[in-house]
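Protein chains in written order, with my numbering: chain L, 1211 to 1708; chain H, 1211 to 1708; chain C, 1211 to 1708.
Treat the hints loosely; a few may be bogus.
You can't tell identical chains apart in this list, so a pair holds if it fits in one copy or across any two.
Said to hold, decoys possible - Mimicking DMTMM-like on lysine to aspartate or glutamate, the simulated pairs with C-alpha atoms at most 25 Å apart in a straight line are:
1) K1338 x E1584
2) K1493 x D1664
3) K1338 x D1491
4) K1552 x D1603
By construction, these hints were calculated from the structure, which means they are not laboratory data.
Listed below, chain by chain, are the residues.
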Amino acid sequence: MGSGFRLKFGTVAIIVQTVFIVLFATLTEYDWRAHPVYSDPNHPSYTNDTNLAFQEDNESISHYVGRKYPPFQDVHVMIFIGFGFLMTFLRRYGYSAVSLNMFISSLLIQWAMLVRGCVYEGIFKGNKFQVRLEEMVTADFASATVLISFGAVLGRTSPLQLLIMGLIEVIVAQVNGYVCHDVLHAVDVGESMYIHAFGAYFGLAVSRVLYNKHAQSHHKGESCYHSDLFSMIGTIFLWMYWPSFNGGGSEGDEQHRAYINTYLSLCACTVITFAITALTDKKGKFTMEFIQNATLAGGVAVGTTANMPLQPYGAIIMGCVAGLISCIGYRYITEFLAEKLKIQDTCGVHNLHGMPGVLAAIAGAVMAAMATQEDWGVSLYEIFPYRAPKPDDITNEFQRQFPSVDVESGKGWSAGKQGGYQALALAVTLGIAIVSGLITGLILKIPIFDQVNDEEELFEDMMFWNVPEEEEEGKSEVELAARKYIQDKNGTQMTEKL
Amino acid sequence: MGSGFRLKFGTVAIIVQTVFIVLFATLTEYDWRAHPVYSDPNHPSYTNDTNLAFQEDNESISHYVGRKYPPFQDVHVMIFIGFGFLMTFLRRYGYSAVSLNMFISSLLIQWAMLVRGCVYEGIFKGNKFQVRLEEMVTADFASATVLISFGAVLGRTSPLQLLIMGLIEVIVAQVNGYVCHDVLHAVDVGESMYIHAFGAYFGLAVSRVLYNKHAQSHHKGESCYHSDLFSMIGTIFLWMYWPSFNGGGSEGDEQHRAYINTYLSLCACTVITFAITALTDKKGKFTMEFIQNATLAGGVAVGTTANMPLQPYGAIIMGCVAGLISCIGYRYITEFLAEKLKIQDTCGVHNLHGMPGVLAAIAGAVMAAMATQEDWGVSLYEIFPYRAPKPDDITNEFQRQFPSVDVESGKGWSAGKQGGYQALALAVTLGIAIVSGLITGLILKIPIFDQVNDEEELFEDMMFWNVPEEEEEGKSEVELAARKYIQDKNGTQMTEKL
Amino acid sequence: MGSGFRLKFGTVAIIVQTVFIVLFATLTEYDWRAHPVYSDPNHPSYTNDTNLAFQEDNESISHYVGRKYPPFQDVHVMIFIGFGFLMTFLRRYGYSAVSLNMFISSLLIQWAMLVRGCVYEGIFKGNKFQVRLEEMVTADFASATVLISFGAVLGRTSPLQLLIMGLIEVIVAQVNGYVCHDVLHAVDVGESMYIHAFGAYFGLAVSRVLYNKHAQSHHKGESCYHSDLFSMIGTIFLWMYWPSFNGGGSEGDEQHRAYINTYLSLCACTVITFAITALTDKKGKFTMEFIQNATLAGGVAVGTTANMPLQPYGAIIMGCVAGLISCIGYRYITEFLAEKLKIQDTCGVHNLHGMPGVLAAIAGAVMAAMATQEDWGVSLYEIFPYRAPKPDDITNEFQRQFPSVDVESGKGWSAGKQGGYQALALAVTLGIAIVSGLITGLILKIPIFDQVNDEEELFEDMMFWNVPEEEEEGKSEVELAARKYIQDKNGTQMTEKL
């Protein structure tokens, strides 16, 4: 580690945060539902909207806030407790895992709002970005993308590298999301493509560039008994609140389906994970790494189709396949990637987010290609607005049957076309993630960013943290004494192992 | 442990999960509030209900989902974090406690939906089971019953035994619930009888059959410093979210009362637990086992009466009595049961769920026997529908005063009759739980299910888990060296103790 | 510790709880939204309100409960998991931290309801205190005040002292809140003055009186590796749910702003904390104490102004300043207070709650002094009702523009006057907190309350807890053997250090 870390990290963080203040002051404002209500018609913020809110005497706003807030908090817990503690499984990297997770997310939540403002709301055209509860969810989502990539390189990067990686990745990921969603019109309610697959393959590309031979079979790259239990806190909060991740942004029956499908998929995935971890183990025993991670693959795999009418058994099948794929990944593929392709993956994000994300995308494309008005009813047009007839082709009968469908928005897409664009979005996502990840990796290798290189620096909190002394030096005073005593009496023969 | 555990457990889990897929495909469908809305009147799913939903443009569904989802997530946290971490108090059984808790619940949530479909919805008559948010809560509840029984035998069973026990217990518990609720018309809003008392006495009966003399005063049957703190995570999440357990399924003023009563009962129970644990300890010190468990008895004890007008002081008294009983149980009764009756109870579920569950049932019977229209108003008929006059006896005056009471549902039951049926439900529950528990215990003793027998197998994760090496062999490399050195130099004299 | 601790603590706790039962029975009742609905017009509880509820058929109550309950549960988690685990950072005081936190809160929640009834609802006039969901939040808030003071003296008091301190502090804090809010009309939506500043300065005053020279640089006054991770559970839950603390009690756009402002302030505060902890450290490393605490200062600092139109960038600036101040406190001020002023502060509550609370109050006074109708619209009168014109000065134009403003409540206060009263409330709060804290400290020094005095009693669970044997005696059997062996062979030379 460069000796200038102290100045560099702190200074960069303060500069970035200061820039954020300036950008927030010039580019953002409260959404009308958070504005103070201006009654003066001459006030620049006086609009029909705020006027409406005024007349409705806070009732409609209270409903909006009351309905959006609980799923937001669930997602918030997933980001800060879920991802944070999931990554504490390393025996000597718990401080970094949970704390840098918190730092990165806090920074990128702000950055995501600014970037999304530029990408989605035409800030360049002079519009201000409207901050509201829904944007708190999407900002949390945006940081999740980076946390997934963080998992791939966990223990092998400096905080400064993470900061730089995060700033870049949020921009690329938001542009990718915009292209896929707003240009290709591929839907992804739980963002399994745009967050999970993107974050995983971006992180793996970065990891490839940062390949470090010392990290291979590193004894600190493993868990200890209590670190595994801390990790389970993360696992279980992710597992429980995943329905909010996949369904928090929907409404009505779509949201209800997203909750049911995600819940059932995760249950089935968990059962299969326990079965596969035992069946494929030499001694027939369970392995915590599988339980901590593969049990969650069901949430990723059902992400793109969560709001679609999969039926309960369909959601369960999706969870089973996800658990199977993820377990196979942890058992066989992670080692293959590390040894043959030099792609190290500390948390196995390829198995938890990468492959299940691709599975989700494929399932989404297949569902889209099979969706008919007969089976899906009005949900077809709510989920795929371009499937509605073109404005000129709208019949009176259609309008009578589907009064809630916007007659202007349809493009008359066929099922096959929608399915094709869904598949195209996957390809675009993977391509952008891998290319931008490789470039980002090269940037991170610039020595100024304090790449962690030596064996004793890897997976080690002491590199960047003041660790309580007792722990640094050994387990206890007795141990210290024992260590010294053995050394004194026994010479080098015994102590080589220590 | 049989050497074939690997194949057996994994194969059974996969078979069960596969059967679930087939059953879900044939027996379940989305509730109309999760259906895609079918506009085609010729579609088999087109009904007045879905039509209604369609017309209401998702508003009513969004309200339904928005109101039911937060308490569901609270219960979900209780099941997976609450029960899971509560049981991590054993020093060498944390992996099993939190992970098998997750496995069992994931499996039984699915099973409970299928079983409930058969028991409640007449699947045999060709109806499909309607999956919706409320059924996600009841499925979580159903798994709680088994988790309580799991607590009684914790550390003394194989995963395969747990799986078999769970599949059986869910069926019996759901039938018991149906008999007590739908046949005897005994109410139990927080299911203190049907979940807590049932789960406890079922588990104790199983435990009696599986009695293992090695488990008596086993040194691994205790906690260590950090395992006690992990356990407190479970305790506190259970404690905080218990109002959602008792009140999540209610509406209006009933729900409001359930929240208030449970909250106050738990506070009072906690104060009393601290007092009793100190007063009855030889050195006057607190004991974590009491804090981890007896503080929760107030939630169980108020379960049956939570939605009744106990008044705040009534809820507080209930909590005090529960804390007292539970502490006495942990101090004196657990040991008595184990030594005299050969009923071992690892987590003390008899003290936390058994006796407080019986207390709840008795309180429910007493409240029912004292309920009058004068004091309870319309709540009397909302809580006990059979107390309403028979259809022929309904007067105009009654209808004017209670327009919301269904004039068809009353049976003219007296307060005493309702109280009697409440008491009868308790007796039925205890009888079914104990008998079915004993039978289940005998089934679990069949050698094929890998009963844990030997002393070194008990309360030990290493039996079924790959535990990180450092931990298996000793605390640290220094310790290993010390151990070896001492052995070398000192011969057998010293090392006998190690 | 006095040998009579056992009898004293338990007896006092039982007596207090018994008195609570009597007071609850005589002084409280359910709010009308939790009452059973009485249809009999002659019943004493039959009122227009309950009649209304009856007619509305539970819908309005369900809305009320559904909207208030999720933020309540978030606050509940902050109190019991958040404060509880935050304080487990001490290596040998985890049992006490998390459990006494639970005990104190459970006791004081009940006490707060009774005290608030006396202070706010005129129980002396024969009114009963109405228990409802909102009062569950305020009761949790009231216990938070004491938990903050608990943090100042953590590890240096007996449970009995905490109990006495809590009973006194709740009374004084509620009176202070009443004076500031209902007499001075100073607003404080997140109670940064009335809870955070009050709790901190009260606790510091108590701590000054209980000054113990042995506690200075005590080796058990530090963390160990895993205790730091437990502490992060508390930190993160506090951090995530803080928007509910600041906004849970509001409605409409005010609530929405409170959520947004708190969220952004905390993100910015976290970034700045990481920067400052590295920049001011000799080795340039991060320190967990800062991450665990200073990251939260953004929630305190924005507490008074959370519902005001700060704009997103304003909230971010507030968070930055809070993080800066809090870090400076942890780096320099805590030691200064302990060494120069003999004010020991185990958790650094002065840095997390004290100074940021004062900052919040100053920000509130400044915002109030700058608030204009032009910028704030109707929010001006919703947040500061006294700013509305006096009844005689209400014009038709005003009524047309602000139909929701109560024409009777205005006092025609100017911005400056409101700002002045805000500042006055801060001064009153600090004065009352410090004086009452000093007096309370003197009371706690009465020997009957078992003051912890000796060096080995400090920061040590074994004082009041049965700690598992292995932990009491040393780390493991191997260590015991090593210790003995070294002692035997080596004589005193080596073992002096042990």
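(message) With identical chains, the pair K1493 and D1664 could be close in the same copy or across copies; at 25 Å between alpha carbons, which is it: within, between, both, or neither?
(response) between (34 Å within a copy, 19 Å between copies)
(request) Could you figure out if K1552 and D1603 sit no more than 25 Å apart (CA to CA) within one copy, between two copies, both or neither? (result) Classified as neither; 55 Å inside a copy, 78 Å across copies.
(message) Checking an output row: K1338 and E1584, CA cutoff 25 Å. Within, between, both or neither?
(response) between (42 Å within a copy, 20 Å between copies)
(request) State whether the alpha carbon distance between K1338 and D1491 is at most 25 Å within one copy, between copies, both, or neither. (result) Answer is neither: 56 Å inside a copy and 39 Å across each miss the 25 Å cutoff.
Checked against the numbered hints above, the structure breaks hints 3 and 4 and satisfies the rest.
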